[in-house]
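*Asks:* Okay, here's what each chain looks like letter by letter:
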Amino acid sequence: MKKGAIRESLTGFSVNHPKLVIAIVLLITVGFMTQFPKMRTDTDPKNMLPATSDVRVWNDKVEKTFGLYKDTIVLGIVNGRGILNTGTLGRIRNITDAILRMKGVAARDVSSFTTIDNVSVDGGMLKVGPLMTDVPKTDAGMSALRRDLFANPLFINRIISKDGKTAAIYVPLEEGANGKQVADRIREIVKKEDGGEKYYIAGDPVARDTFGAEMFKLMGVFSPIAGMVMLVVAFLMFRSLFLSFSIMVPAMVIIIWSLGFIIGLGYPIHIMSSMSPVFLMAIATDSIHIFNEFYFRYRERQDKNAAILDTMKAVGVPLIYTDVATAVGFGSLMLANIIPVRVFGLGVGFGTLALLLMSFTLVPAILTFVNTEKLRRVSEREDAGSGRTGRLLRGLAGLGARKPKAVVAFGLILFAFAVAGTSRIVVNNNLIEWFKYHSGIRTADRVLNRSLGGTSLGYMVGIANEDDFIKTPEAMRYIEGLQRYLERLPVVGKTTSVADYVKRINLVLHNDDPKFDTIPDSKETIGQYLFLFSMSAKPSDLDNMVDYPFRRANIWVQLKTWDAQAMRDVIRAAGEYKKAHPIAMEFKPAGIAYFNLVWNDDVLWDMLKGFIAALVIVFIILAFNFRSFKWALIGYVPLLFTILLIYGVVGFMKKDFDMPISVLSTLSLGMAIDFAIHFVSRFKRRLAEVAGEGNPEKEQIVDSLLWTAARPGKGIMRNAVLFASAFSVMLFAPLTPYITVGAFIVSMMMLSSLLTIIYLPALITLLRGWLFKGGPK
Amino acid sequence: MLLPANVFAISPKEIMAKSEAAFYYQGRDFKARMIMKLISAGGQERTRELTMLRKNYGPPGGNQKYFIYFFQPADVKDMTFMVYKYPDRDSDRWLFIPALNMVRRIAAQDKRSSFVGSDFSYEDVSGRNVNDDTHSLVREEKLGARDCYVVKSTPKAGDVEYSYKLSWVDKADFLPMKEEYYDRRGELYKVFTADEVKNVKGFPTITKRTMKNIQSGHRTEVSFTKADYNIGLPDNIFSERFLKQPPRRWID
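From first to last, the protein sequence lines are chains V and Z.
Start counting the first sequence at 494; every next residue gets the next number (my numbering).
Start counting the second sequence at 309; every next residue gets the next number (my numbering).
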C-alpha cells in the first residue's frame, strides 16, 4: 500500500460521503454521552495515591490502631471581647447540641465545652466530668470555668485560644459523610445565633468537598465560556461563522468522547480531569491548520473538494505528528503515581487521538458544506504576502533571519535569567491555597491558625519493641522531650500525647502543685494514672494516643500551615532528637500532613519521569518526522526555551511548583512542539521547492523562512491565539490551580509561538552550514 | 366494672422497677469476680479483672454501697474503688491509688461516662433511677425463647447522651435481655445483650453480657467467673481503711 493511503482514502471517503460520516460520528458521540449520568467527582487528596500505596496502608493502620477519624471539621467561634460570657457560652452550648443531632457527625467524639471531659482538683476532691455542663449563672461559676479552662494545657490552643477570644468545636465525621454538607448545615445553625460572634469553618473535609462542588461548577460554567471565547476569536480570525463552528464541532465531539471514555471506565472526575474539556478544546485548535491551509488552497484551486484533498495532503503529515506528539505528552502522564494525573493523561490522550481521526474524517466532511460564494469573498483577504498579520510575521521572522547573532545572544541572556529563576523553585503543594486568599475557607483557616494550635494534623507514631514499654518513665519522658523539641518549629502550633495525660493526672492528684507537673518515676504509677485517666475521660481520648498493648504511642502534631513541606521539618526534627537522645523506639510519621508530603514528593518524581519520557519520545517523533537528528534538536529549542522561561518566572515569583504546574510541564512538551513541527516541516518543503536538491543559498533560506513565517506561521499564530484565548478564561476561576493552569498555558502558547517565529529562523540561519551539509534534507 | 380491663396488668414503670430490682438489687448483698474485655473495632483487646462487692441499704431502688478491687491490668493491681450510691443525688466515689498510697474522693458529675474505659457507663454498672425516665410499653414479644416486655424509657432531663432506650425485659424473671440505646438523632448507637443467665443461690443472674457501641464498633464483654449472694458482707468493708487494705477473704 502506498504511504498515506489510509489517510487519503479516509479523507476521500469523507469528502464523498460527508453526511454519512457526520451521522456515524454523531452516533458514536451519543454512545459516549450515555455514560455521563454515571459521573462522580473525587477530590479526596488521599485518592491521589492508590489505596495499596505504602503510605495509605500505613496511614490506615495508624487510624485503626488509634481509632482516629479520617476527617474532622473545626468550627471556630471568635468574640473580640472574649468567649467567657453567658451569651457566647450559651450559643456554644446550643450549637454543640445542634451539631450532636446532625447526620454524618460522630456525635460520641465531638469536642466542645459541653462534651470535653475535664479532670481537676478542688479542695482535695477530684472532679471528673464535662468541662461545662451548663452555662455558669454566677460570677463565681464563670471564674471557676475560666480556671478550669486555662489550668488544663490540654484545652489551651485546642478548644480555647490563649487570649480567650477564640473557641473551637471539633466535629469528627463518620466514614463516607460529605464534609461540605455537614459544613453547610453548621453554617445554617450558626446563622440563627445572633450574637456578635464570628464563625469560621475549617478542616480538610470542608476544603475537599467544597473544592469538588466548585470543580463541577467550573466544568459546567468555564468550559462553555471557554468554548464561546474560542468561537468569537475564531470568528474574528476567519470572518465566517460557519468556519468558526467547524472548529468547535470537532472540539465538542472529542470532549464528549474523552469524558465518556473516562466515566465509562469507572473513573471519577478529579481536579485534573475537570480541566480536560478546556485542554481538549485547545488541542482541537490544531485543526485550524486545516482551515488555514484550506483558505490558501481554495484561493489557488477554486475547487472545493480538490482544495480539501490538497489541504489534507499538505497538512496531513504534520497533523499526524503533532497529534501523536500531543497524545504522547499526555500519555506519558500515565507513568505517574498520582492517580488524578494518570486519569487525566488517559482521557486527554484518548481525546487527542480521537481528534486525529476527526481531522481526516469529520473536518473534511464538514468542509464540503462550506458556502463557496462566501468562501471566495473571505479567502480574498487571505494573502500571505500582503495581509497585516502576514507582514508582521514576516517582520518577526526577518528579525531572526537577518540578525541571528543578536537574537541568539539576547536569547542567551534570557536563558541565564531563566536558569537563575529556575534554581529558586520550591516544590510545594498546599491544598488550602488552592482557594483564593479571601475565600471563606482560606480565611477560616488563617484565622484559626492564628489563634489556635493549627488546622493541619500530622502524627509521629512511636513504636517500641515490647508491650507496656510506653508506660515506662523512660518512654514517657522521651515523648515529652520530643514534643517540646517539635514545638520549637515555627510550623508546629501544638502537640498532644499520652505524656500530657499522665502529667495532668499527676498534677491533679497532687492538688495542682506545680512540682508535680512532671512524669512520675515508676511504671506502676504511670499505669495507675492512665487507668485513672480512663475513668475520667472518653475511651477514645486514650485510644487516640496509645495502642492497647501500650507498645505504640501517637503524638499529635498540629501544624499551622498546609504546606507539604511543613511535615518534612517535623520529620527532620524528630530525627535530630532521636540522634541526640537514643532510645529503643522508632518514630514514624503519619496523618494527612504526612500524606500530603508523600504525594507532593511523588508529584515531583512523576514530573521528572513524565518529563524525561516525553522529552525522549517527542525527540524521536521529531527526528522521525524530520528524518534528521539535527533538525529535531533545532525544533526542540523554542520548546525547551519556553518551559525554562516559565520556570524562571515561577522561581522569581516565589510561586509554589505544585501539581498543576508539574503536570503542565510534561504536557507542554507535547503541545508546544506542534509549532516547531509545522514550522520546520513546512519550511523544509518550501525550501526544497525553491532550492531543489542542491545546497541552498542563504537568500533562499531566508526567503523560505519568511514565507513559512507568513503562511503556516499565520496558522501557528492563530492556533496559539485561539489556544490561549480558551485558557485565558481560566484566569478568572475562583480556584487557584485553574488560574495557574490558565496563566501557564497562555504564556506557554504565546512564548512558544513567538520563539518559533523569531528564534527558529535565527538558529536556522546561523547554523545553516551545519544543518544543510549535504542538501536541504 | 368501670375500670378498664388492663388495670390488673403491670404498668411500664412497674416493669422497669421490677427489672431494676432483679438486675441491681438481688439479695441483701452480692459478690462477683468478673473479667471485662474491651475490644476495639480493629480487634485489639484490653482486659480488666475485678471483684465487685455490693450491699443494699434499704429496699430495691434505695441506697447501695459498692466496693471494687482490680486484679488486672497488672499495674493497677490493688487499686480499689468505692461508691456510695444514692438514687436521688450524685453518688460519692473514692479511689485508692496504690502507687501513691493515696485515697481520693471523686466528685462525679457524669453518670453516663465510661466505667474504666469500657462501653458500660457508671449507670450501666450500678443502675439508673426509674424515676428519671418516663416509660411506655412498646410491645410484648419473644426474644429467643423468652417472652419479653419491650419498654421505651425516655429520660426526663436532657443531661444524657441518648434520647431513649428500649429494654427487652423477661416476663418471668424481669432481667433485661437486651437494651437498645438511641442517640439524639434517633439512631441506634449502643446495644446491651444478656448473653448468659445462670441461677445463683436461687437468683437468676446475668453472668455474661456485652455492650456494643454500634457506631464506633467498640464493644465490652463481661463475664462472671464467680458470683454469690447473701454472703454477709460486713458494713466496715465499705470504708477508706479497707480501700487501702482490702481483706482477701472478701475479694478473692
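Among the hints, a few may not be true.
Claimed, not checked - In the PhoX-like style, the derived pairs of lysine-lysine whose C-alpha atoms are separated by at most 20 Å in a straight line are: (1) V:Lys620 x Z:Lys419; (2) Z:Lys345 x V:Lys557; (3) Z:Lys516 x V:Lys1031; (4) V:Lys1016 x Z:Lys479; (5) V:Lys557 x Z:Lys520; (6) Z:Lys520 x V:Lys1031; (7) Z:Lys345 x V:Lys1031.
Honestly, the hints are just simulated from the structure, not real lab data.
*Asks:* It remains to establish, for every hint, whether it holds in the given structure.
*Replies:* Comparing the hints with the structure gives:
{"no.": "1", "hint": "V:Lys620 x Z:Lys419", "result": "13 Å, holds"}
{"no.": "2", "hint": "Z:Lys345 x V:Lys557", "result": "18 Å, holds"}
{"no.": "3", "hint": "Z:Lys516 x V:Lys1031", "result": "24 Å, violated"}
{"no.": "4", "hint": "V:Lys1016 x Z:Lys479", "result": "50 Å, violated"}
{"no.": "5", "hint": "V:Lys557 x Z:Lys520", "result": "17 Å, holds"}
{"no.": "6", "hint": "Z:Lys520 x V:Lys1031", "result": "15 Å, holds"}
{"no.": "7", "hint": "Z:Lys345 x V:Lys1031", "result": "17 Å, holds"}
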